[in-house]
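The listed protein sequences derive, respectively, from chains D and A.
Throughout, this note's numbering is defined as the position within the first sequence, counted from one, plus 141.
Throughout, this note's numbering is defined as the position within the second sequence, counted from one, plus 141.
These are calculated hints, taken from the structure and not from any lab test.
Among these hints, one or two may not hold up.
Because identical chains cannot be distinguished in the list, a pair is counted as satisfied if it fits within a single copy or across any two copies.
Think about it this way: if two alpha-carbon atoms lie no more than 27 Å apart in a straight line, the pair counts; the simulated DSSO-like pairs of lysine-lysine are [to be verified]:
no.	residue 1	residue 2
1	356	215
2	295	352
3	233	151
4	260	341
5	356	233
6	356	259
7	324	352
8	352	260
9	341	324
10	356	170
11	295	324
12	259	341
13	356	324
14	349	215
15	295	349
16	324	151
17	151	283
2 protein chains.
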Amino acid sequence: MKRNDTEKEKGILIVLSGFSGAGKGTLVKELLNTYRDEYALSVSMTTRAPREGEQDGVHYFFTDRAHFEDTVAKGGLIEHAEYCGNYYGTPKAYVEEQMAAGRNVLLEIEIQGALQIKKLFPESLLLFVTPPTAAELERRLKNRGTETEEVIAKRLSRASEESEGMEAYDYIVINDDLQACVKELHGIVQAARREPVRTKAFIEEIQKELKGFVKGE
Amino acid sequence: MKRNDTEKEKGILIVLSGFSGAGKGTLVKELLNTYRDEYALSVSMTTRAPREGEQDGVHYFFTDRAHFEDTVAKGGLIEHAEYCGNYYGTPKAYVEEQMAAGRNVLLEIEIQGALQIKKLFPESLLLFVTPPTAAELERRLKNRGTETEEVIAKRLSRASEESEGMEAYDYIVINDDLQACVKELHGIVQAARREPVRTKAFIEEIQKELKGFVKGE
């Protein structure tokens with residue numbers, strides 16, 4: 142894609158969704174550890190109060206409604222939504238900086254946000270993370286040991302709903318073995334860069350060059 | 142994708158197109174050498190006469206018009222076309238056997254055939270092979286040393302036409318360094334297996350399983 146070694150390939154925007162219990166969090170952490178310079182994690186802005194242990198600028202950028210609304214008005218968020226009376230959004234500046242520096246930016250959001258992103262940025266990459274089977278999902282939810290039967294049933298019911306949207310994603314990432322999955326995810330990202338939607342500049346350039354040869358005949 | 146270790150993942154149908162001089166032939170040869178058990182090359186059936194050095198069953202299956210038309214009538218070809226008074230087609234049986242055995246089958250055909258295949262088999266994978274620049278394409282064509290200026294100009298003109306169809310392919314394979322390109326191509330094939338169009342059985346299965354959990358609540 143890059144035409145020479147001094148030109149840096151721009152990073153891409155990667156949206157990760159998937160069932161609760163699919164292991165998205167661990168996967169992202171391991172991906173960032175393994176390919177440190179190639180990925181960056183987007184930190185969301187929110188108006189909800191920090192929970193215990195959550196740090197500003199690490200887990201979220203915590204802010205108030207006035208500042209959030211002001212940021213929206215100034216076009217400072219890629220996407221935003223309101224859940225349970227709190228705003229959540231993705232700050233644009235950080236995403237753009239990281240992508241310009243050649244890093245792929247990871248966003249962990251659910252399907253509505255994912256589809257919103259895809260509509261705005263057709264070259265973004267939507268990945269859906271899933272365990273190999275529903276039984277394995279149930280096992281992982283149960284093994285956490287922190288959730289009641291009722292909560293587990295709710296998660297599985299929500300997973301069933303979410304599974305109806307899987308086809309809208311660009312790739313399905315099956316998280317069976319963590320290390321294998323990290324490698325597979327990275328491979329998917331590299332391959333995805335060769336899809337025409339993310340190779341537009343290259344295609345246009347070579348089309349132009351070839352036309353030049355024909356005219357020059 | 143496979144649900145357990147005894148189940149073999151079916152191979153996929155890979156259509157390779159690209160500019161004359163892009164290095165498709167060498168790439169296919171090296172891919173078959175490097176990942177011997179994972180790929181098979183489809184051999185076309187044709188009614189044209191064998192050229193010097195061409196072997197039946199290796200370069201083509203050579204046959205007459207009556208047998209070719211009979212094969213078409215019996216549904217024995219995946220696609221076929223007529224060029225310069227000769228028939229060319231892709232025998233179905235070999236492709237199906239190899240795919241069932243878990244091998245990805247490579248077909249080297251031009252864009253019309255490629256789009257015909259995609260229409261019939263949406264899960265097939267269309268790859269377009271290109272050198273990194275048009276100048277490099279010209280250099281490779283000239284370096285062959287066997288072609289006249291006129292032939293080279295014709296090839297470049299044809300390449301310019303073909304480049305207009307690049308967006309219709311699933312991936313653009315940039316053949317700069319041969320070994321790197323073989324690895325990249327293999328990576329693309331593995332990633333492509335995780336696109337929803339090639340993960341249908343997995344998605345349907347997990348959707349069904351999750352519905353089962355919800356009903357069982």
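Results for each hint:
In this homomeric assembly, residue 356 and residue 215 never come within 27 Å of each other (Cα to Cα): the closest approach is 46 Å inside a single copy and 47 Å across copies. With identical chains, the CA atoms of residue 295 and residue 352 are at most 27 Å apart between copies only, with a shortest distance of 12 Å across copies and 59 Å within one. In this assembly of identical chains, residue 233 and residue 151 lie within 27 Å of each other by CA distance solely inside one copy; the values are 15 Å within and 42 Å between copies. When the C-alpha separation of residue 260 and residue 341 is checked against a cutoff of 27 Å, the pair qualifies both within a copy, at 17 Å, and between copies, at 23 Å.
Taking the closest pair of Cα atoms, residue 356 and residue 233 never come within 27 Å of each other, the shortest separation being 42 Å inside a single copy and 42 Å across copies. Taking the shortest alpha-carbon separations for residue 356 and residue 259, neither the intra-copy value of 38 Å nor the inter-copy value of 33 Å comes in at or below 27 Å. In the homo-oligomer, the alpha carbons of residue 324 and residue 352 never lie at most 27 Å apart, since the shortest distance is 39 Å inside one protomer and 30 Å across protomers. For a Cα distance limit of 27 Å, the shortest separation of residue 352 from residue 260 qualifies neither inside one copy, at 32 Å, nor across copies, at 29 Å.
Taking the closest pair of Cα atoms, residue 341 and residue 324 come within 27 Å of each other both inside a single copy (26 Å) and across two copies (22 Å). Proximity of residue 356 and residue 170 under a CA criterion of 27 Å is satisfied in neither setting, with 52 Å inside one chain copy and 34 Å between copies. In this assembly of identical chains, the alpha carbons of residue 295 and residue 324 never lie at most 27 Å apart, being 31 Å within a copy and 43 Å across copies at closest. Proximity of residue 259 and residue 341 under a CA criterion of 27 Å is satisfied in both settings, with 16 Å inside one chain copy and 21 Å between copies.
In this assembly of identical chains, residue 356 and residue 324 lie within 27 Å of each other by CA distance neither inside one copy nor across copies; the values are 45 Å within and 36 Å between. For the homomeric pair residue 349 and residue 215, neither the shortest alpha-carbon distance inside one copy (37 Å) nor that between copies (44 Å) is at most 27 Å. Only between protomers do residue 295 and residue 349 lie at most 27 Å apart by alpha-carbon distance; the minimum there is 17 Å, versus 55 Å within a single protomer. In this assembly of identical chains, residue 324 and residue 151 lie within 27 Å of each other by CA distance both inside one copy and across copies; the values are 21 Å within and 22 Å between.
Proximity of residue 151 to residue 283 under the C-alpha cut-off of 27 Å is found in neither arrangement, the shortest distances being 41 Å within a copy and 33 Å between copies.
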